[in-house]
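Engineer: Listed here are the chains, written in short residue letters.
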Amino acid sequence: MLSGALILAFTFVAAAFGLSFFRLLKGPSVPDRILALDTLYINAIALLILLGIQLGSPLYFEAALLIALMGFVGTVALSKFLLRGDIIE
Amino acid sequence: MMAHLPIVPILLPFLAGTLLLAFGRLSLPAQRWLALASVLAQIGAAIALLTAVSGGDILVYRLGDWPAPWGIVLVADRLSAWMVLTTTLLALWALIYAGNGVDGQGRHFHVLFQLQLFGLAGAFLTGDLFNLFVFFEILLIASYGLALHGGGQARTRAGLHYVVMNLAGSTVFLFAAGLIYAALGSLNLADLALKAATLTPDKLGLARAGGLLLLAVFALKAALLPLHLWLPAAYSGTSAPVAALFAIMTKVGVYAILRSHTLLFGDGAGALAHLFDPWLLPLALATILVATLGALAADSLGRLSGYLVLVSVGTLLSAVAVGTDGIAAGLYYLPHSTFTAALLFLLADAIKRRRPGSGDHLIPDADMPRHALWGGLFFAAAVAAAGLPPLSGFIGKFLILRAAPGQPWVWAVILLAALLALMALARAGSQVFFNSLPATGAAAAKASKSASGVVTPGASTARDLLAIGGLLGLILALTLFAGPAFEFAHATARQLAEPAHYINAVLGAKP
Amino acid sequence: MQLLPAILTPVLGAALVAATGRFGRTASAWCAAVVTGLALLQMLPLMAASFAGATTIERLPWITSAGLDLAFRMDGLGLLFVLLILIIGLLVIVYAHYYLSPRDSLSRLYAYLLLFMGSMLGVVLSENLIQLLIFWELTSLSSYLLIAYWRQRKDARGGARMALAITGAGGLALLGGFILLGEMAGSYELTQVLASGDVVRAHPLYLPALLLILLGAFTKSAQFPFHFWLPNAMAAPTPVSAYLHSATMVKAGVFLLARLFPVLSGTDAWTWWVGGIGLSTFLLGAVLALFKHDLKGLLAYSTISHLGLITALFGIGTPLAAVAGVFHIINHAIFKAGLFMAAGIIDHECGTRDMRRINGLWHFMPHTATLAMVASAAMAGVPLANGFLSKEMFFAEAVTAGGQMRLGWLLPIVVTVAGVFAVAYSVRFIHDVFFNGQPVNLPKTPHEPVRWMKVPVEILVLLVLLVGIFPAQTVEPLLAVAAGAVLQGPLPEHNLALWHGFNPALWMSVIALVGGTLLYWGRKPLFALHDRWDERLQGRVIFEALTHGLRAFAERITRWLDTGSLQRQLALLIVSALALGGAGLVLAPAALTGTRPLLTIDGIGLMAVLVLILATLAATAWHHQRLTALVLTGAVGLIVALVFVKFSAPDLALTQLSVEVVTVILLLLALYFLPASTPRESSPARRWRDAALALLAGCGAAALAWAVLTRSNDGMADFFIQNSVPGGGGHNVVNVILVDFRGFDTFGEITVLAIAALGIFALLGNLRLPGPTHDASGRAWDSDTHPMILATFARLLLPLALLVSFFVFLRGHNLPGGGFIAGLITAIALIVQYLANGVSWTQERLPAHTHPLIASGLIIALLTGLASWLFGRPFLTSAFGHFDWPLVGEFELASAMAFDLGVYLVVVGATLLILINLGLVHRASHEPQAAPWKP
Amino acid sequence: MKRWLPHPLLTPILALVWLLLNNTVAPGQIVLGLLLGWAIPRFTFGFWPESVRIYRHSGLLRFLAVFLYDVLVANVAVARLVLAGPRSLNPLFVEVPLDLTNDLGLSLLANIICLTPGTVSARLSPDHRTLLVHALDCTDPGQLIHTIKMRFEAPLKEIFEC
Amino acid sequence: MNLATEILLSALVLIGAVFTLIGSLSLVRFKDFYTRLHGPTKATTLGVGCLLIASSIFFSVTGDGLSLHEILVTFFLFITAPISAHLLAKAALHLGLR
Amino acid sequence: MEALIALAIGTLTGCGVYLLLRARTFAVVLGLTLLSYGVNLFLFATGRLVIGQPPVVSGAASYADPLPQALVLTAIVISFAMTAFVIMLSLRAREEFGNDHVDGTPQQSDAP
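Protein chains in written order, with the working numbering: chain A, 1 to 89; chain B, 1001 to 1511; chain C, 2001 to 2935; chain D, 3001 to 3162; chain E, 4001 to 4098; chain F, 5001 to 5112.
The following block holds chain A by itself, in its conformation from the complex (with noise of 0.2 Å):
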């Protein structure tokens, strides 16, 4: 049944990965694009977690963590650009 549940989870997170990379492809402006790269981030959070309980391993845990640590730096680098086009001033 988990798995059965699995597998259907993990349609949905592609299905997920799908919507968001369009918002990437299609924009229009860049914010756009770069809240569908942050939205694809967290997607990733999604899908990791689901790996580590289907392949029951928790040796996927750490990568969910740095995403949750790091996803956002690009997020914040890029709107900086927008904001200030010099991120480290």
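Don't take every hint at face value.
Only pairs whose alpha carbons sit at most 27 Å apart, straight line, appear in this in silico DSS-like list of lysine-lysine [stated by the list, open to error]:
(1) K2154/C <-> K2444/C
(2) K2154/C <-> K1352/B
(3) K26/A <-> K4031/E
Rather than coming from a laboratory, the hints here were simulated on the basis of the structure.
Since chain A is already given, all that's left is putting chains B, C, D, E and F on it; use the hints.
Structural biologist: Here is chains B, C, D, E and F on its own, set in the frame of chain A:
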């Protein structure tokens, strides 16, 4: 200590480099002395290594005490020791020349210089394919820093091209290494040689592709046609001591080609045997021709020297391609061509700095101070570069021709190239030294103007002469002691022709 | 060992003489003379021996295994040439002292002269052919210096380069010929080579070898069609010409013919090539000489002609002809040296060499005139002068040899015609210069030169007469030993005497003398004819056209190849890689697809790869909008990391993720200073070409990957997995490989990182780039430099991130993680501080500086590696142990961790150094006076 | 004192996080955690000089509970809106006047606003007096402002300021 | 593991996945940037949260001992996600998106 | 799955090559980045694709080949360093040339 001999030439420059970095606030003279001491120590180590392997035994150093093929091994055979010694000797004079102020024109010159030597020594000594990649990257990244040392538009452009080309090359290298691992299941050169013999046909394609991609990478490093275009600009663009040191960089490519040509794809390599043969000789000869034309067309001493480096690369590789005798001749010719190239670059720079009006361009100008002296030095260098008697260049050419009796093409190309190089150098010499203008006020004005930027001549004349004289001395020694040198080269070639020794030394008494 | 020192004496003497320059002309003259004398003295004993018929060979091992030892040989021929070289050299030295004007550095001339003398001695005394060639080329080089002595003169430079090019080319051909000869004879040593004549002549390589050697000889001794360099070499000071073109340089060629006569001669090829070329040169030179108005020009062509004569003699190939050849070598050397010196005197006294202006010098310098007339009589072959005897022998040989061969009857005729012209130009030399009315507006009024300037000429003229009148008593013995050495066999019957009775040879001489005189008197129409002669057919013109053409060609080719365009170079690289890789893959026997069982495609995997591919394509298609492309690349990086996770590589995923973040920041920092969009400048053709290349590369990579993935993996995984825990003390095999099994790779890798950081630091040293004040759409930047909310949370996150990085570091050895990832996490955490609070704010709070960090990291790594030396283990041997402390509990310590610490420090330091420097570019460009931050 | 223990309450938090990271309560790890909890703040003292003082711990906990609950609600609400589609919502910007002055408090507020009822804190005015908030589906701005100030700002104010 | 936990897990996993999906869905469905901004910051936090709880339970049941470190992910997300959202909104305002 | 990965590697390499051949430094840098992704994946693929068997010794039956992973890790680091350097170099070039063309001279940018 003797037990660790093979790694000493690698660790010494690393240590010096890190120390120079750690004590970043050292005064320039102090840095020079430290660097000099390190290079001298390296020469000592290289000589020790050479004597240790000259008997014919191969030193194997198992890093981390892991057995080959799983761990990384350093392998010091005659070839490696020969290359290391050449490198260190070259480095000494390049370093001394750099002391004329070039090293102060930017940051971290000496650190980068030492780490470059680190990379070179590692590349020559390692017995592991991927480790070779790593050391290639080390010497490349260091060379990037050195090539751009000092800045300036031409230098930056040449540097950019050089860097991007080599980054692309590194990518190809990774592809090649991956393919070879995928096909042969190992990275240790000796193990690869062993496995190549028993390669299953379904993986032959992968192995061949990997091997030939390796050739592409090494050809890029060695500046073999058609991957030679980066060299003249890069070498003539960078500062003289760096260009002098770079004289060995192309030889790294040659070394890698020679190593894989004899060890991985030698006679014993079964289906992979002679993988390079169809490509090597034609490309090498073509390189010679194109490069000679370039030398003939060159408009400055720097570019002329750059193209002559290409000629020597072509000559070397065609020697490698004609078999064991050729390799022996080539190995004798290798240090000569290295020192000569360095000599030319240093001379070109010394002359450039003394002709503020016209630099090293092949146009008449007022006589420079101590005109006759510089003229004589250039004459000697030209004799060496054109492969004319009595210097070692002639001996090298003679040996190569002698090794290729059945190959009229090799003969024709090498002899023709020698003639054209002779004409190019004669033209250059008579333009720069014979055809002199009276010193005019305009020239003097130009002198004062552009002298501000460059290192002032005179101040460092003694140092320049020391470095240039040193290189000339090396060439002279190579001429006088051609007998033993060629003996060693010949022994090396024979050792390369017998990969079994290498393989057994690395893998123990495996069949 | 006497010969080597004897040869080295002039060479080393050259340096000495060059040094004597400051002590005045006389000093250098004496020095040069003494050096020459010394060389002569040293060889006297051996010369005596060889005069007695002995052949001395001295050997010094050099490159024995290549058959190249220093070996010297003193025999008759060597003796003859040594005498010519040194005696005439001595005379030239004396002469030059008076000839050269005080303005010119005499010591330089002497130095070059001695250098040349030494190399010439080497040529004639070499036993080893290759060594002979070495000296041969040295003569070319030193003659280059001599001819270009007056370096300011264009014709001198041109002449010198021409001589060098042609003789140099000959030398290279000669090298080839000698190597072949050595192949055939089995040695480069003359003794063996001379002995194995039959083998050589029968050998298939004989003809190529012969032609190559002849090429060398003919270029050197100015045989047609290579003769033209010699007249142009007349730009040299006259003493030089007197030396080079009478006794030495040009004689080297005929010397070679004589030397190898026993080996190579006696075949049709030899006869036709050598004889033919020699004869035509003899004729051509004689004809052209007549029309030269330049005194030295006339002599130059006469030299060519006489060398042709000698060549022809050797070409005839009979022993007697060879003897005659040797004899004429002697005679020509003597009278031609004298003539050149006389011409030099005239030049010196009149300030010109144009025979149309120099006339009737008889009244001004009768003494010199007499000397010149005797010498030119020898040149013409008038009885009582030495030239007559050898020419007579030549005529005789021409008749006898002509009788034996096809078209032989032509031979005497040609010879006679040439003889006629020879007489004609000799007559002209005498009559035009010394009689024929009054001089025409000379720069200065000529008079007899100083006494000592004539002495050398007098000596030579005396020799001319002595040899000419009492040949048997004077020259015969020398000729005998020399010819003996040439023939390497019994000497043929010959008697040197003035009178041989009325034989054809005598009649030919008579015809020549009479005809020549008549020809001179009737020369006007001939001159008129010659003036209409087409200049362009001259060798010099053709040569220059060739060299210029070659240069132009070279320039075109080089410009065409080396456009300095990076794109072309990259395209070439890619094409080469494709060609080579393709060749490897295509020529393989097996099918592309292997037999390994494949994994099934699941939805998420499909979606991920789809996203990856689309993102890549989009990034490529839209690379003109740089920021968009950048964001898309970020997505690609993320997916790559996910792929790593999916296929069991957690460490890679962590690394990829953290590197990704840093890369994005890096690119953003750069993008700030670069245009926001890429102009569309590539032509469609170019775009299509690149697309094609890209497509091929992509297909190639995919094919290779597919081939790899569908084949079984027989790598060496098992060893690592089995030894990781027992041998490396870690469960995370990847990490154990990185810090232990292949720790040396990591050692190098962190060095790369460190060097990159330093290189960048060096690169940005004085970089000043103005940052744009508006974004791409012209909107001014937001005023809020450091958003407060970001700043606050950044501070809050720092301790947490550090904690995590410590966590990742500690567990690395057993679970995914390790020094590198930990380092990146720390670096990113700090970079966030820079993002949020700016450089200066963060800088002053940073507890450590980057350079020390990097250095200490490297040193720690090094020391960890060296530590194992203390235990007698190789570099980087790891050790680990399990400890149990109260309260803390049981834990593991491994030396690999220390190494990892080094990695950690380097990563932190390098990453920060890289990014901070970029951040500083802007500030530096804003306030230039603010020096970039020092580490 | 301050140099030695700059953030008294950061230490336990870090120790806790450390234990969570390692998923253990082994004594060794506790020691190590406390050690790090002390060392890291000391190490990063420069980055966070001003001390954080919590005036009412009980408030903190209650606030935490409220916050988590709101997150739950907000998520569901937004999810419904998403499913309902764009037509059903009317987004608008609202300027929320602020009484908080404490940086940390403000930042937390901004964050919480992002996480809870369909709002995103978009811009903090330079003088930190107003916060521009974007609401996903809001008919009555006043109501929204009131909610924010009552539900979040007030507790934060009493936690971080007095 | 017993049925109850399995049901619970499945439920959590599904809910989490659904919320993740919805979060991304909002990116597509909403018309302007600011409304799109809401989805990821909220729906996903809950989605990921549920998944994390699921994982926490899963490993607590299967693995050895309690597994709580999933909480950290949520914790970090709570801190970081709003920051990105905030800055993005700020940037959008700056660019004058409507 | 293998086919997908091969396809991905191909796409990354191809696009990387295309961008590498552009005339502006930034495009070249992007190209190099894509290329390094491609080659890293390729190198990783030489360990073949294995799901759920990370090379962390835990008494499992089989593991993924750890060696390629280690190599890729090294490769990632090195290519990061190189990318960083070339980015800086592009800035330096920008300063020296006043434009971001790889040859510093936009007009002669394409001669096919």
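Engineer: The structure should be examined with respect to each hint, and the outcome stated for every one.
Structural biologist: Now the hints, each set against the structure:
1. Only pairs whose Cα atoms come within 27 Å are accepted, and K2154/C paired with K2444/C is accepted, the gap being roughly 25 Å.
2. As the CA atoms of K2154/C and K1352/B are separated by approximately 23 Å, the hinted pair is consistent with the 27 Å bound.
3. Between the alpha carbons of K26/A and K4031/E the distance comes to roughly 12 Å, so the proposed pair stays at or under 27 Å and holds.
Of the numbered hints stated above, none is contradicted by the structure.
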